[in-house]
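Undergrad: Listed here are the chains, written in short residue letters.
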Amino acid sequence: MSAEALLAHAQATKGLFGLDYGNILDAPRLKRVRAREYEGTEKLPPSIAAKQPKAKRTKADPMDFSKSTEDASASKALVLNTKRSNINEFMRRQDPKSSSLIRRQAHEQLRPEWHAPWKLTRVISGHLGWVRALAVEPGNEWFASGAGDRTIKIWDLVTGGLRLTLTGHISTVRGLAVSPRHPYLFSCGEDKMVKCWDLESNKVIRHYHGHLSGVYTLALHPTLDLLVTGGRDGVARVWDMRTRSNIHVLSGHKQTVTDVKCQEADPQVISASLDATIRLWDLAAGKTMEVLTHHKKGVRALAVHPDEFTFASGSAGNIKQWKCPEGSLMKNFDGHNAIVNTLAVNSENILFSGGDNGSMCFWDWKTGHRFQTLETIAQPGSLEAEAGIFISTFDRTGLRLICGEADKTIKIWKEDEDATPETHPLDWKPTLARQKY
Amino acid sequence: MATSFKDLIPLRDRVDTGELTLARPSAEEVERQTEKTKEALAILISGASAAQRPSLIKKQQDNEPTFVRYTPADQFGESSNGRERIIRIQNKQEDPMEPPKFKHKKVPRGPPTPPRPVMHSPPRKLTAEDQAAWRIPPAVSSWKNPKGYTRGIDKLLAARPNVEDVTINDKFSQLADALHTADRHAREEVKKRATMQQLLAEKAKAQKEDELRMLAQQARQKRTAAGTRRRNSSASSRDSRSRPRGSSPNSRSSSRDSDVRARERARNEAAQERQKQLRQSRMGTERRLQMLAREQNRDISEKIALGLAKPTQSSESMYDSRLFNQNSGFDAGFNEDQVYDKPLFAAQNAINNIYRPNPSAQDDEPEDDGGATVERIAKANRFEVLGKAAKGFRGADIAEPRSGPVQFEKDRGGVPASGGKPKDDDPFGIDDMIQNVTGGSGKKRSGLDGEIEGRGGKRARVDDDNDD
Numbered sequence: 001m002s003a004e005a006l007l008a009h010a011q012a013t014k015g016l017f018g019l020d021y022g023n024i025l026d027a028p029r030l031k032r033v034r035a036r037e038y039e040g041t042e043k044l045p046p047s048i049a050a051k052q053p054k055a056k057r058t059k060a061d062p063m064d065f066s067k068s069t070e071d072a073s074a075s076k077a078l079v080l081n082t083k084r085s086n087i088n089e090f091m092r093r094q095d096p097k098s099s100s101l102i103r104r105q106a107h108e109q110l111r112p113e114w115h116a117p118w119k120l121t122r123v124i125s126g127h128l129g130w131v132r133a134l135a136v137e138p139g140n141e142w143f144a145s146g147a148g149d150r151t152i153k154i155w156d157l158v159t160g161g162l163r164l165t166l167t168g169h170i171s172t173v174r175g176l177a178v179s180p181r182h183p184y185l186f187s188c189g190e191d192k193m194v195k196c197w198d199l200e201s202n203k204v205i206r207h208y209h210g211h212l213s214g215v216y217t218l219a220l221h222p223t224l225d226l227l228v229t230g231g232r233d234g235v236a237r238v239w240d241m242r243t244r245s246n247i248h249v250l251s252g253h254k255q256t257v258t259d260v261k262c263q264e265a266d267p268q269v270i271s272a273s274l275d276a277t278i279r280l281w282d283l284a285a286g287k288t289m290e291v292l293t294h295h296k297k298g299v300r301a302l303a304v305h306p307d308e309f310t311f312a313s314g315s316a317g318n319i320k321q322w323k324c325p326e327g328s329l330m331k332n333f334d335g336h337n338a339i340v341n342t343l344a345v346n347s348e349n350i351l352f353s354g355g356d357n358g359s360m361c362f363w364d365w366k367t368g369h370r371f372q373t374l375e376t377i378a379q380p381g382s383l384e385a386e387a388g389i390f391i392s393t394f395d396r397t398g399l400r401l402i403c404g405e406a407d408k409t410i411k412i413w414k415e416d417e418d419a420t421p422e423t424h425p426l427d428w429k430p431t432l433a434r435q436k437y
Numbered sequence: 001m002a003t004s005f006k007d008l009i010p011l012r013d014r015v016d017t018g019e020l021t022l023a024r025p026s027a028e029e030v031e032r033q034t035e036k037t038k039e040a041l042a043i044l045i046s047g048a049s050a051a052q053r054p055s056l057i058k059k060q061q062d063n064e065p066t067f068v069r070y071t072p073a074d075q076f077g078e079s080s081n082g083r084e085r086i087i088r089i090q091n092k093q094e095d096p097m098e099p100p101k102f103k104h105k106k107v108p109r110g111p112p113t114p115p116r117p118v119m120h121s122p123p124r125k126l127t128a129e130d131q132a133a134w135r136i137p138p139a140v141s142s143w144k145n146p147k148g149y150t151r152g153i154d155k156l157l158a159a160r161p162n163v164e165d166v167t168i169n170d171k172f173s174q175l176a177d178a179l180h181t182a183d184r185h186a187r188e189e190v191k192k193r194a195t196m197q198q199l200l201a202e203k204a205k206a207q208k209e210d211e212l213r214m215l216a217q218q219a220r221q222k223r224t225a226a227g228t229r230r231r232n233s234s235a236s237s238r239d240s241r242s243r244p245r246g247s248s249p250n251s252r253s254s255s256r257d258s259d260v261r262a263r264e265r266a267r268n269e270a271a272q273e274r275q276k277q278l279r280q281s282r283m284g285t286e287r288r289l290q291m292l293a294r295e296q297n298r299d300i301s302e303k304i305a306l307g308l309a310k311p312t313q314s315s316e317s318m319y320d321s322r323l324f325n326q327n328s329g330f331d332a333g334f335n336e337d338q339v340y341d342k343p344l345f346a347a348q349n350a351i352n353n354i355y356r357p358n359p360s361a362q363d364d365e366p367e368d369d370g371g372a373t374v375e376r377i378a379k380a381n382r383f384e385v386l387g388k389a390a391k392g393f394r395g396a397d398i399a400e401p402r403s404g405p406v407q408f409e410k411d412r413g414g415v416p417a418s419g420g421k422p423k424d425d426d427p428f429g430i431d432d433m434i435q436n437v438t439g440g441s442g443k444k445r446s447g448l449d450g451e452i453e454g455r456g457g458k459r460a461r462v463d464d465d466n467d468d
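Quick mapping for you: the protein sequence lines, in order, are chains U and C.
Going left to right, the first sequence walks through residues 1 to 437 as UniProt numbering numbers them.
Going left to right, the second sequence walks through residues 1 to 468 as UniProt numbering numbers them.
If you're looking for bench data, these hints aren't it; they were derived computationally from the structure.
The C-beta atom is built at its ideal place from N, Cα and C for all residues, glycine as well.
Hints are supplied without guarantee of correctness; some may be wrong.
Below, in silico cross-link-like pairs of lysine-lysine (DSS-like), each with a Cα-Cα straight-line distance of 27 Å or less [claimed, not checked]: (1) C:Lys205 - C:Lys191; (2) U:Lys323 - C:Lys38; (3) U:Lys254 - C:Lys125; (4) C:Lys106 - U:Lys287; (5) U:Lys203 - U:Lys254; (6) U:Lys366 - C:Lys6; (7) C:Lys38 - U:Lys287; (8) U:Lys429 - U:Lys366.
Residues from chain C that keep clear of chain U, each with C-beta distances beyond 12 Å, as calculated [claimed, not checked]: (9) Arg24; (10) Gly47; (11) Arg69; (12) Ala73; (13) Glu78; (14) Lys147; (15) Tyr149; (16) Asp154; (17) Thr167; (18) Lys191; (19) Ala201; (20) Asp210; (21) Arg279; (22) Leu289; (23) Glu295; (24) Leu308.
Work out the full structure: start from the sequences and follow the hints.
TA: Given below as structure tokens:
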């Protein structure tokens, strides 16, 4: 390819995409960018430098026909190199103002944080159905689980013993929440009921009546006395905790609302649905602030980071991380090839995703690096198809992961205390592929 | 709102993103938003709760009249000075039970929010592999399978109870062995004890017999001793008389020897009998039966051994005739009416036919030659006669051949029946006794007895009377 042709091509490219990257072209920044760029080219990257003498040796090989032919491009490694250097030289010769090829910022890949691997510590089998809801008490002493056997059971977090069984739902219990400011436990189920249990008398004291079909998820507002539920009727309802009145009906989803999260600042309500959208709601007005349509399949799980103003959403084979007030996509977590049923984040930047087929992935929140992959082992005596994770939550300290599974057990995982970065080195290599666009 | 291509690229993968501020909003910001939300919601909650409280809906509206001073303007040149009016304005009384005057109309919804740009690629076309991956085989029950679907071996095995895990404890076999040996030991012991007891009983019996014999001998000796003493004393008393009978002690001793021998023999016999009985009691059932048979001369085993007893060697008797002619007809084989294949007494038929001219056999012969037929019958060797009977009995050859059935006559003790002696009829002399006892009536009766005809007639008449 001649230099003129290259030039023409580069100009065409600039015409196409230059507008998007226009801000790069302002002079001082461009200079900085250029300087950094040429730094990289003056010295070969270590990986290529390692290959360099080898490539020369291959060139000296009598079998290599690059000698016989004039074209030096027979040796592939060299060709790429020389071409790039050619381009660089060409670029260097160009006037910066008339430069048509835009060089991207050299990617510095963020090294993921090291996390200890997680291991199974306890299996609690007491439920007679799929465990579909979990909630940890604010005091971190016990947690509640709701299951397909229509019961809510309260377990001791330390010993794993059963403390209490609450009956009252007439179908699967799908959502649980313990209020940090009241002695109340909230539960919702496929029987269209949302119940408020008084934990001092262990009785139902309120019903929130209004859902037209099964209620699949439930969230408490952290600062206001509000309760948000979402279900198969495709709406999320906002309830006043005390008066039981339905304040808002957040309608807009076209299918089942699978998960709802509340946070203290706008967007105060986030809902995920099987119509593959996520909606951020303006709670005061009861209107949609933003609709996120990036997912291709139904979104089944949401997880709000406790410290960052970000959240994650999981659909089949894809987990996405979002920045909060405006809902801009931050990161794709690729690699969990299953229907992601549940997500959980703790304050140590560990994201857990549990799949419908029992696959579990642990991710680094910041970089999206998957540092551990596991498969749950179904309880002995259960079917092959009964390996599946429905719900997961970290406890309040973030040191234990509680999973509700399809084999009717609750499994508790914790970090391996003996593991150090030396014993379990970080399995991460910076890729040479372009990471930034 | 996502509007450009750039929005598809995650923030962390973008070149131009500076430092991302990811901190949670500050406390003041949160406070501000919370307050705002709270206020907004409080209105809604109060409205909603007010709607729930009917007493507050029908709050006493101000029914107080308002008074308005009204001064009409000049109209058509008329001045209205001084003609001001005071108007009382009051709400019209409403019937609280009145139905709504206006029909509630459903207000159509407002326009929906504008559609959001779809930020993902269109779904991929479904390939055959995808379809195959999602094919879920029909569930086939382990218990019912009316349509007969084939089930995988793994499923069958999973449904089966775990066979290989079931292991019978070793101790079951040990227990069985132990029980078996204990049983055998017990049986042997019982057997031994029984034989021992039998032996003891035998011994005791023999001892007792010996004792008895001893006692008997002693008694005999005593007696003989006494006899000899007496004899000696008598001999000494009348010695002269005893001399001629000097030979008598010898003969007596010889007779005593024979007595002794006879007794010995009897004793031996008795002992043998006992032994035999003992043996018999120890014998098994089969052997005992054999013994019994032999005692009753029904044992033919010796005869068989000597070849004297042989089964009939006719070829037709070798096979059951029912086995042939299976398809010949109704009466060929077994049925309920005909249980037996052949008559039990085959000779009966022949006996019936001996003296009855067989029409089938005589068909070809003229009717009138009866003598020839009888002769033929007599000549025909109808019976296979065994033994000496075939040759004829002694003296049978001199008897003239019969010309009909054997006729038997009552044996009158050599005197012909026409003799009319009453003694022949009653060998015990009962008639005599009656005659002696009753006198004339007996005589009359005996007289009547002679003419049988008359008596029979009288009897008949009496019978008739009785009948009448």
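Undergrad: Taking the hints in turn, state whether each one holds.
TA: Evaluated hints:
This hinted pair checks out: Lys205 of chain C and Lys191 of chain C have alpha carbons roughly 21 Å apart, not beyond 27 Å. Our distance criterion of 27 Å between C-alpha atoms is met by Lys323 of chain U and Lys38 of chain C, whose separation comes to about 25 Å. About 23 Å separates the Cα atoms of Lys254 of chain U and Lys125 of chain C, which keeps this hinted pair within 27 Å; it holds. With a C-alpha separation of about 21 Å, the suggested pairing of Lys106 of chain C with Lys287 of chain U holds against the 27 Å cut-off.
Of the supplied pair hints, the one linking Lys203 of chain U and Lys254 of chain U is violated, its CA atoms being roughly 35 Å apart against a limit of 27 Å. For the proposed pair Lys366 of chain U and Lys6 of chain C, the alpha carbon gap of about 21 Å is at most 27 Å, so the pair holds. Straight-line distance between C-alpha atoms of Lys38 of chain C and Lys287 of chain U comes to about 16 Å, which keeps the hinted pair within the 27 Å bound. The hinted pair formed by Lys429 of chain U and Lys366 of chain U meets the criterion: a straight-line CA distance of about 16 Å does not exceed 27 Å.
Non-interface call for Arg24 of chain C relative to chain U: violated, since the shortest CB-CB distance, roughly 5 Å, does not exceed 12 Å. Distance check for Gly47 of chain C against chain U: the nearest CB is about 9 Å away, which does not clear 12 Å, and the non-interface claim fails. Under the 12 Å C-beta cut-off, the non-interface status given to Arg69 of chain C relative to chain U holds; the minimum distance is some 46 Å. With a least CB separation of 48 Å from chain U, Ala73 of chain C remains clear of the 12 Å interface cut-off, as annotated.
For Glu78 of chain C, the condition that its CB be more than 12 Å from all CB atoms of chain U holds, with the nearest at approximately 58 Å. Every beta carbon of chain U lies more than 12 Å from that of Lys147 of chain C, the smallest distance being close to 23 Å; the non-interface claim holds. Listed as outside the interface, Tyr149 of chain C is consistent with that label: its C-beta sits roughly 19 Å from the nearest C-beta of chain U, beyond the 12 Å cut-off. Interface exclusion of Asp154 of chain C from chain U breaks down, the closest Cβ pair being 9 Å apart, not more than 12 Å.
Even its closest Cβ contact with chain U, about 20 Å, leaves Thr167 of chain C beyond 12 Å, as expected for a residue assigned away from the interface. Look at Lys191 of chain C: its CB is around 56 Å from the nearest CB on chain U, clear of 12 Å, so calling it non-interface holds up. Remark: the non-interface label on Ala201 of chain C is consistent with the geometry, its nearest Cβ contact in chain U lying 70 Å away (cut-off 12 Å). Remark: the non-interface label on Asp210 of chain C is consistent with the geometry, its nearest Cβ contact in chain U lying 84 Å away (cut-off 12 Å).
Look at Arg279 of chain C: its CB is around 71 Å from the nearest CB on chain U, clear of 12 Å, so calling it non-interface holds up. For Leu289 of chain C, the requirement that its beta carbon stay farther than 12 Å from each beta carbon of chain U is met, with the minimum near 66 Å. Every C-beta of chain U lies more than 12 Å from that of Glu295 of chain C, the closest at about 77 Å, which supports listing it as non-interface. The claim that Leu308 of chain C lies off the interface holds: its Cβ sits roughly 81 Å from the closest Cβ of chain U, which is beyond the 12 Å cut-off.
Checked against the numbered hints above, the structure breaks hints 5, 9, 10 and 16 and satisfies the rest.
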